[in-house]
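There are 2 protein chains.
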Amino acid sequence: MRKQLTIGLFGFGCVGTGLYEVLNQSNLLDAKIKRIIVKDRTKKRIIGAEHFGYEASEILNDEEINLVVELINDSNEALAIVREALSKGKHVVSANKKLIAEHLDELLNLAKENNVSFLYEASVAGSIPIIRNLEEYYNNDSLSSVQGIVNGTTNYILTQANYGVSYADALQKAQELGFAEADPTLDVDGFDSKFKLVLLIKHAFGLTVQPENVFNYGIRQIKPQDVKYASEKDYRIKLFARAEKIGNKIVGFVAPHFIKKDHVAYQVDNEFNAVIVEASFSDRQLFLGKGAGSFPTASAVLSDVSALQYDYQYEYKKSNTETKPVYAEDFYLKIYLASKDIQALNEIPFYFLDEKFQSSGYNYQTGWVKFSDLSKFDFNNIEKLFFAVLPESFKDEEEFLKFKAENEVLVNEIA
Amino acid sequence: MRKQLTIGLFGFGCVGTGLYEVLNQSNLLDAKIKRIIVKDRTKKRIIGAEHFGYEASEILNDEEINLVVELINDSNEALAIVREALSKGKHVVSANKKLIAEHLDELLNLAKENNVSFLYEASVAGSIPIIRNLEEYYNNDSLSSVQGIVNGTTNYILTQANYGVSYADALQKAQELGFAEADPTLDVDGFDSKFKLVLLIKHAFGLTVQPENVFNYGIRQIKPQDVKYASEKDYRIKLFARAEKIGNKIVGFVAPHFIKKDHVAYQVDNEFNAVIVEASFSDRQLFLGKGAGSFPTASAVLSDVSALQYDYQYEYKKSNTETKPVYAEDFYLKIYLASKDIQALNEIPFYFLDEKFQSSGYNYQTGWVKFSDLSKFDFNNIEKLFFAVLPESFKDEEEFLKFKAENEVLVNEIA
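Sequence order for the protein chains is A and B. Here the working numbering is used: the first residue of the first sequence is 11, the next is one more, and so on. Here the working numbering is used: the first residue of the second sequence is 11, the next is one more, and so on.
Because the hints were derived from the structure by calculation, they are not lab data.
Covered stretches of chain B, going by a simulated chain A footprint (3 or more residues, C-beta under 8 Å):
no.	region
1	138-144
2	284-295
3	304-313
Only a predicted model underlies this, so the values are computations on that prediction, with no experimental measurement involved. Here a beta-carbon is modelled for each residue, glycine too, at the ideal position from N, C-alpha and C.
With the rest of the complex left out, here is chain A:
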């Protein structure tokens, strides 16, 4: 029943090391690492030099190796490795969300053509088995949304920020602790969360979206006044990757959200990740766990290796339905928009204004905007503006017009 797996491993950082220890030093799985390819020939390692090689071909041309585990940082190099491994009929397990998000359909077609599995649980929310659950457990229940905190670095920084530490200090502390990279752009500007969101959208709704078409806004522009506003209202700021179904349309983006005290994600702090799944029958469910780090990631990789012993593959059942959902940006959401410069607030059209606050040096307004207006801007690089999504359900055009007609215009109406 169980399949004997002979593994070629690319990369021997923390995750690779953890994986090696479990696989080769226990009898938990019928799987052994035969060869490990690394870059650095001089680095001291915990096992002898005879285990290592330096050429990808040593694995890719070894017919005995039937599983490639790819754990390297460089996503271009990883792409070449994954392509060749799948083409040569080897199963692939990867944790590289950027690579997978950018080339998903190509790679899964390649896997299908060669009748092998391509698994990547570790690429989204570390140890949380969210891909597997979306694939297996929620395959019949009509999902309405998948959202959550999927980047531990920004959640660590925001946890500090929510308790009053400045963004710059929190980032520095995260870097010292090894939670943030020297160049933290991919994390703090929401790119990493976006790659993960692309995979969640695929497995939740059966839709392939290109990362470049998905809006991402991170946490670099958060000012102390924004944190103060949140805290006065009993909100915490969290970076949410969020995908929802509105009719037959799928909407999805990454942005800071104000999270209410009674929301399940309010207390998800530090390097923890949380994914919330809403479905018509099962209601709201939360999966919480460590999103990064060597062991949580290794555990997810291990789980994929284990599943391969039983020839597991993702079936992408939701991609095979007759009515294909479409990706859209024409919905309304309620936001908080703040700036030192009061004029700057006018750059985003508000279709329904709720609150407006002015002072010397800090102004904000809250109200309803159209997402397609927001997504035109590169907010990560607009120093003078900050926005966060407020806790209200999204509305489509019809719902919004109805809402607008039913509610008095409280302050001022633009457009």
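Chain B: place on chain A using the hints.
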């Protein structure tokens, strides 16, 4: 690829009705309910009388029916149905935790002999896919504990109690809302949680334990002073079903726990359930969702039906390992023990006493006790005593003796 399922349904309460609507009124699954067996011939139902029958044999003798979904309350009747259905080569999906916990090995052997599946995700923690995750996802990672809040009724009552409502009032409110039965014993004395724990132990550790060998203590004896103590210490009282691995031993029981403010279960309130899984690599993970109610339960049943289309069955991989774990009670835990009657506190030997408080009408002490001393007592029926587990890790004999030797005896030492 997909298997056509023809279903015989026993029971047509809320869950059955929900299931019928999804299965027969949508094309989500290739599964139809052919016949529904109910007891009450006079009850008005949402669909015509032609769908209903009153004899189990109408389903059990129908060769076209290849799946029996059992959703009735009477566990003796359910047992007879499940036995016969499996024997006749029909798959079975059940939500009846009592039945399954009491007859697990018999029923799964019967399923195996007849080469059919016996699935019961809905029986533990409603919509939370915990059985499936223990089966599929944590099958390689060495689990150290599975615990959590698996009974919505008691969690609803405790939520009220934590906010100052008396036990009696909270129970009455729960009954009015339909969260508690007229005779709430199974819930409030921890039996329901225990049946679920037995299933968690099987899927987490591969061990079959008989429910009568597992200690269960519920929430009936909680006094206002106990709630006050908890609240002063920033604890909330939660009824935990808890199983842990200590060496090669498995320990497990149901009892009230004092939960700290920073614990992931602290905020799990009302009818929500939460299961926390700890494993060596993936660290601590929490699964949160609604634990009861027609739709959450129907969603879990639906998920089993859906999995059957692909011939899914539990593999009980952890039951097939060479070294079998054993069930044990010889470990130490830290508890809070309270009574009006100061002498009553002496009935339980404390091996290490931490705090002692005396007043007219309310006394308590905290410290370390041996579990096998506790489990001798039928605490559910001892009005004068209340105990709750304090937030400290369990210790085996060796760890406890080491701890004791290293710590000064603060107040008083017994034995």
